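From first to last, the protein sequence lines stand for chains A, B, C and D. Take 1 as the starting number for the first sequence in our numbering and just add one per residue. Take 1 as the starting number for the second sequence in our numbering and just add one per residue. Take 1 as the starting number for the third sequence in our numbering and just add one per residue. Take 1 as the starting number for the fourth sequence in our numbering and just add one per residue.
No wet-lab data here; the hints were simulated from the structure. Careful, some of the hints might be misleading.
Identical chains share a label here; the pair holds if one copy fits it or two copies do between them.
[As the list claims (entries may be wrong)] Think about it this way: if two alpha-carbon atoms lie no more than 30 Å apart in a straight line, the pair counts; the simulated DSBU-like pairs of lysine-lysine are:
1. K57 x K376
2. K340 x K325
3. K137 x K57
4. K376 x K220
5. K58 x K340
6. K454 x K184
7. K188 x K336
8. K32 x K58
9. K141 x K376
10. K122 x K336
11. K412 x K141
12. K220 x K325
13. K141 x K220
14. K325 x K336
15. K36 x K122
Quick caveat: nothing in here was measured; it's all calculated off a predicted structure.
What follows is the residue order along each chain.
There are 4 protein chains.
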Amino acid sequence: MGKLWGGRFDKGTNRFIEEYTESISFDQRLFKEDIKGSIAHCRMLIKQGIIPEEEGKKIISALEEILKEAEEKGIPCDPSYEDIHTYIESRLREKVGDIAGKLHTARSRNDQIVLDVKLYMKREIAQIISLIEELQKNLVKKAEEEIDTILPGFTHLQHAQPVSLAFHLLAYFWMLERDRGRFKDALKRLDENPLGSCALAGTALPIDRFYTTELLGFEKPTENAMDTVSNRDFILEFLSTAGIAMINLSRLCEEMVIWSSPEFSFVELSDEVCTGSSIMPQKKNPDVAELTRGKVGRVIGNLVSLLVTLKGLPLSYNRDLQEDKEPLFDTADTLKGALKAVSLMIEGAKFNRERMRLMAKEGFTEATDLADYLVKKGIPFREAHRIIGEIVKYCIANSKRLDELSLTEYKKFCQEFEEDLYKAIDIENVVDSRKSYGGTSRTLLKEQIERIKKERGWQKG
Amino acid sequence: MGKLWGGRFDKGTNRFIEEYTESISFDQRLFKEDIKGSIAHCRMLIKQGIIPEEEGKKIISALEEILKEAEEKGIPCDPSYEDIHTYIESRLREKVGDIAGKLHTARSRNDQIVLDVKLYMKREIAQIISLIEELQKNLVKKAEEEIDTILPGFTHLQHAQPVSLAFHLLAYFWMLERDRGRFKDALKRLDENPLGSCALAGTALPIDRFYTTELLGFEKPTENAMDTVSNRDFILEFLSTAGIAMINLSRLCEEMVIWSSPEFSFVELSDEVCTGSSIMPQKKNPDVAELTRGKVGRVIGNLVSLLVTLKGLPLSYNRDLQEDKEPLFDTADTLKGALKAVSLMIEGAKFNRERMRLMAKEGFTEATDLADYLVKKGIPFREAHRIIGEIVKYCIANSKRLDELSLTEYKKFCQEFEEDLYKAIDIENVVDSRKSYGGTSRTLLKEQIERIKKERGWQKG
Amino acid sequence: MGKLWGGRFDKGTNRFIEEYTESISFDQRLFKEDIKGSIAHCRMLIKQGIIPEEEGKKIISALEEILKEAEEKGIPCDPSYEDIHTYIESRLREKVGDIAGKLHTARSRNDQIVLDVKLYMKREIAQIISLIEELQKNLVKKAEEEIDTILPGFTHLQHAQPVSLAFHLLAYFWMLERDRGRFKDALKRLDENPLGSCALAGTALPIDRFYTTELLGFEKPTENAMDTVSNRDFILEFLSTAGIAMINLSRLCEEMVIWSSPEFSFVELSDEVCTGSSIMPQKKNPDVAELTRGKVGRVIGNLVSLLVTLKGLPLSYNRDLQEDKEPLFDTADTLKGALKAVSLMIEGAKFNRERMRLMAKEGFTEATDLADYLVKKGIPFREAHRIIGEIVKYCIANSKRLDELSLTEYKKFCQEFEEDLYKAIDIENVVDSRKSYGGTSRTLLKEQIERIKKERGWQKG
Amino acid sequence: MGKLWGGRFDKGTNRFIEEYTESISFDQRLFKEDIKGSIAHCRMLIKQGIIPEEEGKKIISALEEILKEAEEKGIPCDPSYEDIHTYIESRLREKVGDIAGKLHTARSRNDQIVLDVKLYMKREIAQIISLIEELQKNLVKKAEEEIDTILPGFTHLQHAQPVSLAFHLLAYFWMLERDRGRFKDALKRLDENPLGSCALAGTALPIDRFYTTELLGFEKPTENAMDTVSNRDFILEFLSTAGIAMINLSRLCEEMVIWSSPEFSFVELSDEVCTGSSIMPQKKNPDVAELTRGKVGRVIGNLVSLLVTLKGLPLSYNRDLQEDKEPLFDTADTLKGALKAVSLMIEGAKFNRERMRLMAKEGFTEATDLADYLVKKGIPFREAHRIIGEIVKYCIANSKRLDELSLTEYKKFCQEFEEDLYKAIDIENVVDSRKSYGGTSRTLLKEQIERIKKERGWQKG
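In isolation and in its complexed conformation, chain A is listed as follows (with noise of 0.2 Å):
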């Protein structure tokens, strides 16, 4: 297939080269966008009168017809197309013949691969947010269902204060409000229309960039050719922001492994998001959780190869820059399997409530309002802290709860302990009491989790 440039060369690229250089085997992924492109622009072509109508609607035709044909028999990844655009060119002219030329006016491929990669962004980011909320709806309402569920609260991965399930798992409902944030405004930032920026320096032909804007539903044109099609910061910001997102699925999908294994059993994840051992048949191993917590390495690795690639290279197009979507287009797919993998997975969770309540009380965790109790009663917090860490070695050396000390052994360590303590470390009563704006109390839980649901609409859910 000839190549769209080659005039001034006299000797072709030899077949390793043109296989080392394609993009096709990737870019054909954008066909769609490339076609809805070209058909914006033609449209614009005529109305400018740039081309003849006549022409113009041949050409848009044919392409409605590649638009079909590759939606069912797909694109023939042969490298000698290079690449997309060549690809569509060339079936367009073996259409309507040479007048498949004047598509090309007023339009590079420079602009024109910005143009799909945004199309093609805009899209995704738009399913990435609706399936972050997806998520975040099954953590609502699971939240819902284990507001009773007691469990450790964990720092180092040690007891230290019991709180409520739904409290833990609303954790996790505020860090994907912050990654849907994030892809809210990266989709804002990208809604600029590259199209018209050419080569490099516009055109002088008569094209109106405002018209194309409409039609492919952009907010505004970009506001310098150059700029635009040398930049790919944009790439970078949806990369860092899917980065940051599949860490914070990373984090929930380590406490599903950790909460697995058999010391733990604290939770029972479905049989569909497990699976076995070839060797070993009593396995039921966490395969979703695991290799969505490896997955979090590809998505990183993408982002710093755009960075290394980006890197010091000067205005405006170079040829490194075709590096830009291999990555882009792995981090959109894993991240959106990640975000449908977890959803899944949490809503086939079932949680094991009388373990995690059980190990609620292990691990002296009502001692924080235990030192609280002495606050109440006068002792400055300190002071409070040390005498409190002074009863857990004696509880340690005496294999008892807290709970299980009588008053009288309490009161060999501070004189201002009286009955009512016993009250003050109940483990419901330590968990409601937390009503600070943002405690684990039951309360507040519920009062947030019907405000979320009211704010989303999801009270019928």
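Given the coordinates of chain A, assemble chains B, C and D onto it according to the supplied hints.
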């Protein structure tokens, strides 16, 4: 110095471990934020009647003294203090005795450190935005001065089409504009008060988080205490935003280095931003451009550093999180330095107008316009492209520029050429003809510059 | 298709999860290694009497058939097969029935996959070393041809001192020599047979790991089964070694891009490794150099990807490890492609000898020699350096080169200058005078080239 | 303080730029290496008659004084000194006057800094290797003590098969063994003397690089001066080798964190490596394990930092290279600290033998052996696997362990079961039966420990 904990421990940490785990050598940078946060916390404790007003006032005035001392004499870097919170509480205890312990009521180092970091970041981001605007201003000023300077626009570091230097400089204005937007979004997202989240679950004490939110100038309190003490994604967002900004700066610096080479001689950087060689007396090296380009490494490294640290961490606080501060501080410092340095570099750059203009004519940069000329005569673009390719080959073989061929020579390639072709490829005409929105036409550039200056209030600058 | 596990499972994985967790789409690349390993395993099982000879032979000949089929028709990419091991066992079962199950005796997918990957890597590393040597050979050949070409040696992309182009090209030879050493070390370190480690703990069956070690051509068996199935550090070593090699190549490519610019015009790359522009008919773009420079991004990204994945994983096998293969395959492919492409580029490069020589005289590259000249006359180096600095300033102010100043002018700066200074700054003399070991003197370069050719057996090349 | 350059400059660098570009705040760590290198250089200059013996001796004894002073009083961190070389030369000038300048004969900061860095790295790598060996020794010692401790071997953090704790600990021994090999290879590869490469091309002065090679203890001189001053790949190799080692340590630390949780209770770390909580008096947090796991971030970040910095740099020296030192220093410090900290942690760890043993029986870890039992009775492995899967399901449904089922119950699943099955699944038997090379059998482990101790000469330890 006694640890803030220790009650249940039999054996002290050893000296090496003390040094290995300390953070005071770097978190002392947060002493102002730490004290500011403590004062706000103390005011709230007084208002809520959690601590007696008299004691609270003593604490506040002692904290103000400590702040003054630290501003004057700095913080002793003694690893036995473990961290800045411990140091400040220890100084407080020296001043007010045991009531110092009361400041720790309804607070943990877990929410305290997040507060300190957020207060620090709010100030730093505001400064960064300001420095971005300063650099943008210098770019616009330079663009205004160099609007009539024509240079070759490059793609693939080959001459593509002639452009105005203003156009090239404004490309960076628009890159920075996106960086500025990203920092603004990051700032808005982190503007939630963590104080009162305590260890991980909130507190049973009747604190008022909305009051500290107001005192500390946050938009609102955070919504989930466990998320609050676990979350560092707002730092990741800052680090990646800074990374993208540095990548953009690295591209400008790369151009300054290339343009300073004897072969290019497009720019003479001011002595201020250059250094010489200890062995080669003739050298004038663009050190600031190189060093800034090099410093993108550490900023990307810092981003990766925290991504790796956060990967797979279960909730809530884990000691790993201590590793968040050094990359944050280093990135903020580096980016601020780089923005200042590049501002100075742009301000002092003398562009070699004659050399640029001369080179703008080399490399057949008018070839696109010659093709467009044929298109206007009705030749399909692809055919025109092929013809011009042949002409360029002919020029190379005969060592001629496009404006040096005779009409007769032109007609050998295509009969449509007429005398007016020479006007079409006049370099000023070529630049000014690119009137599509965002193009290099000087009229458009002037309008854009005026618009920017008006929006930013830079008219009288 | 039935999973290799499933006994204790009530509910199948759903279709989405099947696709999310499958690896056959990429691990099918290992089918040869997988079958090769299975055959060796089967031979050992027969030899040890673990399976009957007759059955074993059936399995082996079926495996050989499957290999032939796969080589001819490829592997169907059906996610229900989960992974390549499952696919091959399933084909085996179709051919030999239930005895297929016996192949899995004393083996797990955990040791099997490490075996496949190691066999793959041994072959790939051998190829990479060969391609490095090929590129080194091309560099040496080019160096030999260009020994008399003098160009400015650069520091800070400023002219420093004149050097032979052979010297510059050989700098890359020596970089590649370290890359070659690193790959050799990596190859040696991974040359330990994992087969027989089974799931994680070895087996109770009387297998002979030394026999499979011999059959498969490994140096020795691994020493600890748990380490064997957990460990991927040998892949990290490969990925970082490849990353360093790509960084080195990116530097060569950067130089080819800069040297191809019209301003430099130091090199004309062959048409083979360049492409044109779809809109600018005059362009000849150094695409292969740019793309290779850009591809360093993905190779670094792949390294980071696996580092992130492995961070913080407990022993032994975790599903996260499935993410090791794609970065590995992509890096091996990319590096091999890059080495070939750069070899071709160097082979076809035409260096513009006149232009290089002309520029070697610009930029006062003889200044160091003029300083050395004064040092030989007894002036301390720092003083000489200062004097030459003054002379350079004078030359710039008067637009003269150093060889254009008269002796009288020289004497104004220092009385020690005599007529022989002109010889000292003759460009050929300058280059040849640098006779210190490793210097640019052409005599030394010739000797080095001879030595390399002799060591490598390239004399008759 | 006067710069080492400056002759041709009209305008000084400004104060901000001076601070921006200085390196003395970090390269002062190289003062010993810098002086050591200078003394060797000076000896060579004397020997070759390049500088008079008397002057050379003055310089050497002044350098020795400066060394002593710096060791006692440190280096003033004044950015006007620019770098450590400038500072030392300035001190030298104060002591010996103008002859100080002669030390700079036949040397440039370009080769000098590479020398300093290599001398530093040789020392650091030797220390790192030593610390790795120390940790290996502690692991072996602990393995010896815990050889009879049986714990569940995990895959997917699920119980797989019972193993000896010695086996688990030795897995880390073998990981570290590869790390040690990588550092040894890196050390060998960088052991080439850069001194005498001068600015980039060698020198015309009759220096003797073999003499300084001998004086400084290098194996040989570098082969190409341009490569020598451009190359930093030996630092990349160090950084990636350290990164891999930290990844390995992060896995061990993750296990210590998980094993310390109340749910696991497999290990009690010593107080030395733990800290408490300021708010929760009962906490004992595995801080050293967490912090070390967290510090893998900075080490990977440092690697990425230098990779990014080096990407696409043309030859030879560029100021970007100044950014090589901070990541190098930080990585060396971090890795040494981490190795020491982990050594201490392992040394003081008390493993909970009863708890481990108890859990080893949970989770059907003998299932593989039960399958192998059937295989020995002639059942194909896959069929045996299926049968055991059914039995496990039955056990779960009836809350029984495998050793609690009666023979009658077993026979319902397969008639081949006999009384001897109970012996086959006895936990000690299971561990000891895995006698394949590298397996967990205690006999094999004892042999391996003896072999290691003998090879390393640790018998009397």
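Hints, verified against the model:
Taking CA atoms no more than 30 Å apart as the test, K57 paired with K376 passes between copies only; the shortest distance there is 20 Å, against 82 Å inside one copy. With identical chains, the CA atoms of K340 and K325 are at most 30 Å apart both within one copy (23 Å) and between copies (23 Å). With identical chains, the CA atoms of K137 and K57 are never at most 30 Å apart, being 47 Å at best within one copy and 46 Å at best between copies. Proximity of K376 to K220 under the C-alpha cut-off of 30 Å is restricted to the inter-copy arrangement: shortest distance 28 Å between copies versus 60 Å within a copy.
In this homomeric assembly, K58 and K340 never come within 30 Å of each other (Cα to Cα): the closest approach is 42 Å inside a single copy and 44 Å across copies. Taking the shortest alpha-carbon separations for K454 and K184, both the intra-copy value of 21 Å and the inter-copy value of 29 Å come in at or below 30 Å. Taking the shortest Cα distances, K188 and K336 sit within 30 Å of each other both inside one copy (20 Å) and across copies (26 Å). Taking the closest pair of Cα atoms, K32 and K58 come within 30 Å of each other only inside a single copy of the chain (18 Å); across copies the shortest separation is 51 Å, beyond that limit.
Taking the shortest alpha-carbon separations for K141 and K376, neither the intra-copy value of 37 Å nor the inter-copy value of 50 Å comes in at or below 30 Å. For the identical chains of this complex, K122 and K336 are intra-copy neighbours only, at 14 Å inside a copy versus 32 Å across copies, given an alpha-carbon limit of 30 Å. Neither within a single protomer nor between protomers do K412 and K141 lie at most 30 Å apart by alpha-carbon distance, with minima of 47 Å and 43 Å respectively. When the C-alpha separation of K220 and K325 is checked against a cutoff of 30 Å, the pair qualifies only within one copy, where the shortest distance is 24 Å, while the shortest distance between copies is 39 Å.
Taking the closest pair of Cα atoms, K141 and K220 come within 30 Å of each other only across two copies (25 Å); inside a single copy the shortest separation is 39 Å, beyond that limit. In this assembly of identical chains, the alpha carbons of K325 and K336 lie at most 30 Å apart whether taken from the same copy (17 Å) or from different copies (21 Å). For a Cα distance limit of 30 Å, the shortest separation of K36 from K122 inside one copy, 14 Å, qualifies, whereas the shortest one across copies, 43 Å, does not.
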